[in-house]
Amino acid sequence: MSALRRYAAPLAVILVLLGAWEVAARWDLLSNALNIQDFLVPAPSDIAKSLWDDRSLLGSNAWVTLKEVLLGFGIAAAAGIGFAFLIHLSDTARRAIYPLLIGSQTIPIVILAPILVVWFGFGLTPKLVIVALICFFPITVNTLDGLRSVDPEMTKMMRALGAGRFQRLWRVEAPASLPYAFSGAKVAVSVSVIGAVFAEYVGSSSGLGHLINQAQAQLLTARSFAAVVVLSAMAIGLFGLVSAIERRVITWDSRGVMRS
Amino acid sequence: MLTRLREGTPDAAHEGRPGTDGAAALYAVGGAALRVSGLGHSFGELRAIDRIDLEVDPGEVVGIVGPSGCGKTTLLELVAGLRPPDAGAIAVDGRSMPADRLERCAYMPQRDLLLPWLSAVDNAALALRISGIPRPEARARAGAHFDRLGLAGFESSRPEELSGGMRQRVAFLRTLMAGRPVLLLDEPFASLDAITRAEMQSWLAGVLGPDRHTVLLVTHDVEEALYLSDRVLVLSPRPASVADRIEIDAPRTADRAAAVTSPEFAQLKERALRSLAGEGR
Chain H
1 MSALRRYAAP LAVILVLLGA WEVAARWDLL SNALNIQDFL VPAPSDIAKS
51 LWDDRSLLGS NAWVTLKEVL LGFGIAAAAG IGFAFLIHLS DTARRAIYPL
101 LIGSQTIPIV ILAPILVVWF GFGLTPKLVI VALICFFPIT VNTLDGLRSV
151 DPEMTKMMRA LGAGRFQRLW RVEAPASLPY AFSGAKVAVS VSVIGAVFAE
201 YVGSSSGLGH LINQAQAQLL TARSFAAVVV LSAMAIGLFG LVSAIERRVI
251 TWDSRGVMRS
Chain L
1 MLTRLREGTP DAAHEGRPGT DGAAALYAVG GAALRVSGLG HSFGELRAID
51 RIDLEVDPGE VVGIVGPSGC GKTTLLELVA GLRPPDAGAI AVDGRSMPAD
101 RLERCAYMPQ RDLLLPWLSA VDNAALALRI SGIPRPEARA RAGAHFDRLG
151 LAGFESSRPE ELSGGMRQRV AFLRTLMAGR PVLLLDEPFA SLDAITRAEM
201 QSWLAGVLGP DRHTVLLVTH DVEEALYLSD RVLVLSPRPA SVADRIEIDA
251 PRTADRAAAV TSPEFAQLKE RALRSLAGEG R
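Each protein sequence line maps, in turn, to chains H and L. The first sequence runs contiguously to residue 260 in the working numbering. The second sequence runs contiguously to residue 281 in the working numbering.
Quick caveat, the hints were computed from the structure, so don't treat them as lab data. Being a predicted model, the structure only gives us computed values, none of them experimental. Warning: the hint list may mix true and false statements.
[Said to hold, decoys possible] Pair ranges (Cβ atoms, derived): (1) L:E270 to H:F166: 44 to 54 Å; (2) L:R135 to H:P108: 43 to 53 Å; (3) L:S42 to H:T125: 51 to 61 Å; (4) L:E161 to H:V118: 52 to 62 Å; (5) H:A78 to L:G44: 34 to 44 Å; (6) H:R247 to L:R274: 54 to 64 Å.
[Claimed, not checked] Anything over 12 Å on all C-beta distances counts as not near chain L; from chain H, calculated: (7) S2; (8) A9; (9) P10; (10) L15; (11) E22; (12) W27; (13) S56; (14) L71; (15) I75; (16) L100; (17) S104; (18) T106; (19) I111; (20) L116; (21) S205; (22) F239.
[What the hints assert, rightly or not] Chain H stretches covered by chain L per the calculated footprint, using a threshold of three residues with CB under 8 Å from any CB of chain L: (23) 142-155; (24) 168-182; (25) 244-253.
Backbone N, C-alpha and C define an ideal beta-carbon position, used for all residues, glycine too.
Working from the sequences, and respecting the hints, build out all of it.
Structure follows, in structure tokens:
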């Protein structure tokens, strides 16, 4: 009952939107209005049909994309947390690395991706580079904020108890940064699928991006939409997974406890 | 709860019942002498401490009262070796190097500063863990004192689940577990409501009675200082110097109500309040 009440409102909105879309597409209202061929505007029912008919095609390509996302995200998490600790511990490292990290986010992926394909070919490498490049920044910045969030009084108390730099890092700063790191990871994982699909779109022989590319060339619009649906589901699923891990790990009340 | 606390152990352990084990061990640290002379400190242009001389004998409790912002916390930080002074000398147990002082002083900050991801017992055992004692042993040693601190049954509770008074007691135990001869207490009960504060004061009096710690107790509560200390220093407004030294002859007792309502106490309190207000100088 409570679950029904919780999901009733968003479900109703989605159903109304889908219904309107169905009507507009089924009776060619949309294609007429846009002055395009009617098969370019698939109805939700067409997309649902494609989801079912092309399930093995969608499944195998989604698996390829998922592997790229997970690997790229893993690399980004390791690098992001590593960078955050390095910058936190060393002023020299902060001055040396921080501008580069911010600079890395200004590189237009649209321009970088084709170059990476030329360098590394159609394989896994360019996808991992792009996914990791997109993901590591929110993880780094948030983890760093978390490491710095520790109350100076807390640091003083730890020093008074005899804790050196490493002990303070290990016993206070690292745990304090965990909720922040998870926030960064949730942002990163949500955008990671876009990175993977874009990298595939530019040059690959499999994956959802590749499938969308092909479907569009063949004017199979329902199939491209079906691939997008699968992609969204994947992103939402990954977000849910990170949130679930977060709830298992962060068992304390982390809302503004460290700073007062 | 408090009754149980008082009949609990400090006195019992003191009267030589070795069976109560850990409790006695906690307090068997022995005090150390504290000598402060000509201490001065500034923050940039701001002169926080003008000149403070202070002698605390081993096992003595000295209260320090002063108006807000008169540098009381700074004084403790200087003594603990957390901050280098501009002028003057500080020696704990005859040692003046900051690192040596840090090793001999246990500083208890104003706020409890418990780590929210650790249980009460793990918070209390923090100093033991920092010094490299394995977790099971550290937990056992800290946990042995939970009963007498009125914390029995809350060993695995997180700080957010504890009341303000309980959190403060965990923070106090954490300070004690550091095993240092000098305790530097910075307004330990300032964040508590009046009733809980009174309970905590008589509890601390019970603990400090048989204990051999040297204690420097900073507070802005004159009554708290007079009740808990052997001697009270009244500081002047910033820049701080010693405005008055008040000796308290009455023995420390856990019976706070009786202690703070005696005529002698009232006289001392009037003197302290007048000194605080800058009268009689």
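Results for each hint:
| no. | hint | in the structure |
| --- | --- | --- |
| 1 | L:E270 to H:F166: 44 to 54 Å | 52 Å, holds |
| 2 | L:R135 to H:P108: 43 to 53 Å | 50 Å, holds |
| 3 | L:S42 to H:T125: 51 to 61 Å | 59 Å, holds |
| 4 | L:E161 to H:V118: 52 to 62 Å | 59 Å, holds |
| 5 | H:A78 to L:G44: 34 to 44 Å | 43 Å, holds |
| 6 | H:R247 to L:R274: 54 to 64 Å | 58 Å, holds |
| 7 | S2 | 26 Å, holds |
| 8 | A9 | 32 Å, holds |
| 9 | P10 | 32 Å, holds |
| 10 | L15 | 41 Å, holds |
| 11 | E22 | 50 Å, holds |
| 12 | W27 | 58 Å, holds |
| 13 | S56 | 46 Å, holds |
| 14 | L71 | 30 Å, holds |
| 15 | I75 | 27 Å, holds |
| 16 | L100 | 33 Å, holds |
| 17 | S104 | 32 Å, holds |
| 18 | T106 | 36 Å, holds |
| 19 | I111 | 44 Å, holds |
| 20 | L116 | 41 Å, holds |
| 21 | S205 | 47 Å, holds |
| 22 | F239 | 24 Å, holds |
| 23 | 142-155 | holds (count 3) |
| 24 | 168-182 | holds (count 3) |
| 25 | 244-253 | holds (count 3) |
In this structure, every one of the numbered hints holds.
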